[in-house]
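Enquirer: We have chain A; now place chain B onto it with these hints.
If you read the protein sequences in the order shown, they are chains A and B. Numbering (this note's numbering) for the first sequence: 3 to 122. Numbering (this note's numbering) for the second sequence: 3 to 122.
It should be emphasised that the hints constitute simulated quantities derived from the structure, not laboratory data. Keep in mind that the hints are not guaranteed to be accurate.
Identical chains blur together in the list; that is why a pair holds if it fits in one copy or across any two.
Result set (PhoX-like, lysine-lysine): computed pairs, CA atoms no more than 25 Å apart in a straight line [unchecked claim]:
id: 1; residue 1: K59; residue 2: K102
id: 2; residue 1: K38; residue 2: K102
id: 3; residue 1: K59; residue 2: K38
Just so we're clear, the structure is a prediction, and the values are computed from it rather than from any experiment.
Number of protein chains: 2
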Amino acid sequence: MTPSPATAAAAGEAAPGNEPRVVCPRFHAAIELIGKRWSGAIVWSLSEGPLRYGELKRAVPGLSDRLLSQRLRELESAGLVDREVQDDLPVRVIYRLTDKGDGLRPAITSLGQWAERWGE
Amino acid sequence: MTPSPATAAAAGEAAPGNEPRVVCPRFHAAIELIGKRWSGAIVWSLSEGPLRYGELKRAVPGLSDRLLSQRLRELESAGLVDREVQDDLPVRVIYRLTDKGDGLRPAITSLGQWAERWGE
Numbered sequence: 003m004t005p006s007p008a009t010a011a012a013a014g015e016a017a018p019g020n021e022p023r024v025v026c027p028r029f030h031a032a033i034e035l036i037g038k039r040w041s042g043a044i045v046w047s048l049s050e051g052p053l054r055y056g057e058l059k060r061a062v063p064g065l066s067d068r069l070l071s072q073r074l075r076e077l078e079s080a081g082l083v084d085r086e087v088q089d090d091l092p093v094r095v096i097y098r099l100t101d102k103g104d105g106l107r108p109a110i111t112s113l114g115q116w117a118e119r120w121g122e
Numbered sequence: 003m004t005p006s007p008a009t010a011a012a013a014g015e016a017a018p019g020n021e022p023r024v025v026c027p028r029f030h031a032a033i034e035l036i037g038k039r040w041s042g043a044i045v046w047s048l049s050e051g052p053l054r055y056g057e058l059k060r061a062v063p064g065l066s067d068r069l070l071s072q073r074l075r076e077l078e079s080a081g082l083v084d085r086e087v088q089d090d091l092p093v094r095v096i097y098r099l100t101d102k103g104d105g106l107r108p109a110i111t112s113l114g115q116w117a118e119r120w121g122e
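Looking at chain A on its own, in the form it has when it is part of the complex (with noise of 0.2 Å):
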């Protein structure tokens, strides 16, 4: 049978005018930013102070030196990670995050109360 609009309206089909809002570019570049591989343990990490290059990479047991290092370029091209090249020797250098990443620290807490909730 053909559905009726009350049949339609009953099995959730949305109502003319009733379209659902369309994902906001915003939310879903910002997702796309701190989800791409690696880069929310970064962010994690730095979150919890600054580090020097080996310390991160001991921070995020796993990534390579090759990911770690791109991944921290385009972290510093998106205005979340400060570098700061210390002139000691040998060089240190050591990343934080900028005000706009440590903006990012109320959503990674909650992402993780929820992974502590549900994650297994």
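Expert: Then chain B, alone, in the frame of chain A:
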């Protein structure tokens, strides 16, 4: 010069025994799950209410049928999304968040607020 311990501390060098915490594996799994390309946008759309397949497709522009189906299967298998087949003609398939999926709402809201504040 070789930095003294005091210089090293000022430069952000971790003191012995002060190694950074390894990233929480549950957090890491969670961000990799909902950060996977398109998954965050799908969860965002379903967080507004249950949707039929076609509605979901229109809510996430640019997402192909193949990838939408694949992501929905992944989200079902992770326990975030329920798929309900309604015995109508034509058959209706409704997707909705499970309790576990709905539990992501605070993290999604928080990331959405960050995106509003910092997004371009």
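Enquirer: Please list, smallest to largest, the hint numbers that this structure does not respect.
Expert: Going through the list in order, the structure violates no hint and respects every one.
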